[in-house]
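Line order of the protein sequences matches chains Y and R.
For the first sequence, counting from 1, position 20 maps to 20 in the UniProt record's numbering; every step adds exactly one.
For the second sequence, counting from 1, position 53 maps to 53 in the UniProt record's numbering; every step adds exactly one.
Okay, derived cross-link-like pairs now, SDA-like style, lysine to any residue, Cα gap no bigger than 25 Å in a straight line:
id, chain 1, residue 1, chain 2, residue 2
1, Y, K44, R, H27
2, R, K107, R, Q24
3, R, K101, Y, R26
4, R, K82, Y, S28
5, R, K101, Y, E112
6, R, K115, Y, A90
7, R, K35, R, K107
8, Y, K73, R, S76
9, Y, K84, R, H31
10, R, K85, R, S111
These are calculated hints, taken from the structure and not from any lab test.
On a predicted model such as this, the values are computed, not experimentally measured, just so you know.
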Amino acid sequence: MPYLDTAQSWLTQSTLLLQARPATTRISSKYTITHPPASPKAPKKRPSKFSKEPTESTPAPDPNAPRATLTLKTFDPVSGATLKYSTNKAAEVSRLIQILGRLARPMCGLPEVKDDVPVLGAGGAVEGEGSGAGGVGTPVVEGAPAAAGGKTGQQQGGGAGGKKKKKGKK
Amino acid sequence: MSAGHLSNDDFFLRLSELFDERRQKDHGSIHLTQKRMGYGEDTSVEASEPTVAQPFSDLNPSNPFPIIIRATNGKSKDHRGKKIKLSTIVDAGALDGFFAKYAEICKLGMSGLKKRDRSKQKEKLKAKKKKQGISVAATEVKKT
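Generate the whole structure from the sequences, applying the supplied hints.
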């Protein structure tokens with residue numbers, strides 16, 4: 001399983017993998033800065049197989065544009081399971097490291113942190129995600145009072161909400 | 001590893017040096033890994049061997065394991081001479097403190113990532129302030 005779309009789904013899947021194989025699973029983070037576009041060693045864009053004519057519509061890359069990426073990878077050498085998440089947003093770094101800290105707990109053999117929602121919300125770089133998690137965290141059985149908050153939360157952080165629900169079903 | 005494991009504080013110090021180096025070079029990578037430290041002196045091998053009564057004894061260890069954090073600058077092959085390898089061991093009890101500081105160092109070090117675009121937010125804020133200013137002015141006019 002290669003790249004996951006959101007940090008939340010990466011966390012969920014990695015937690016499951018670590019719970020299953022805490023002794024062998026490792027987490028690697030790679031911070032890479034590519035060569036500047038002017039350099040001969042700069043990564044070249046390969047022409048697509050399907051478009052035969054070279055399209056010059058893409059603008060030249062900005063020389064000052066950020067070129068760094070941060071890639072997280074959870075890998076279990078025994079089963080060969082791999083989970084990856086890649087980002088280029090500086091705002092996500094502290095949240096991602098916090099996630100690494102959470103994932104270190106099953107690695108140590110410590111029990112899971114019980115109330116995971118507030119931790120994520122507090123560290124949430126994106127406001128929408130925090131409120132989304134909070135919205136889903138409120139029990140579904142609860143009727144009208146929670147409905148308004150839940151709705152706005154789901155609209156903002158739909159992706160995160162969906163994943164959380166899946167985890168609950170398991 | 002020839003140098004042995006560093007203490008947590010030394011590790012942080014060296015890690016930020018590693019990040020600084022990356023910033024000056026303007027390209028390259030830093031690799032960080034974390035995994036369970038299963039081969040320490042105080043973890044007996046017998047305890048982790050599966051038995052009939054406990055087929056998954058590694059899932060519920062009696063003592064929490066420490067974890068090992070490694071950092072390298074990813075130099076290999078021709079550049080192996082320049083390879084920098086750091087490692088430190090974090091005890092289960094010290095996780096929270098360690099990762100708080102770890103996050104701080106990584107946030108500072110990974111400065112090449114895309115900053116959050118605040119220009120739109122600023123525009124919104126300005127518009128809001130203007131509105132408020134107008135409404136305040138209007139109420140003042142009403143009062144007088």
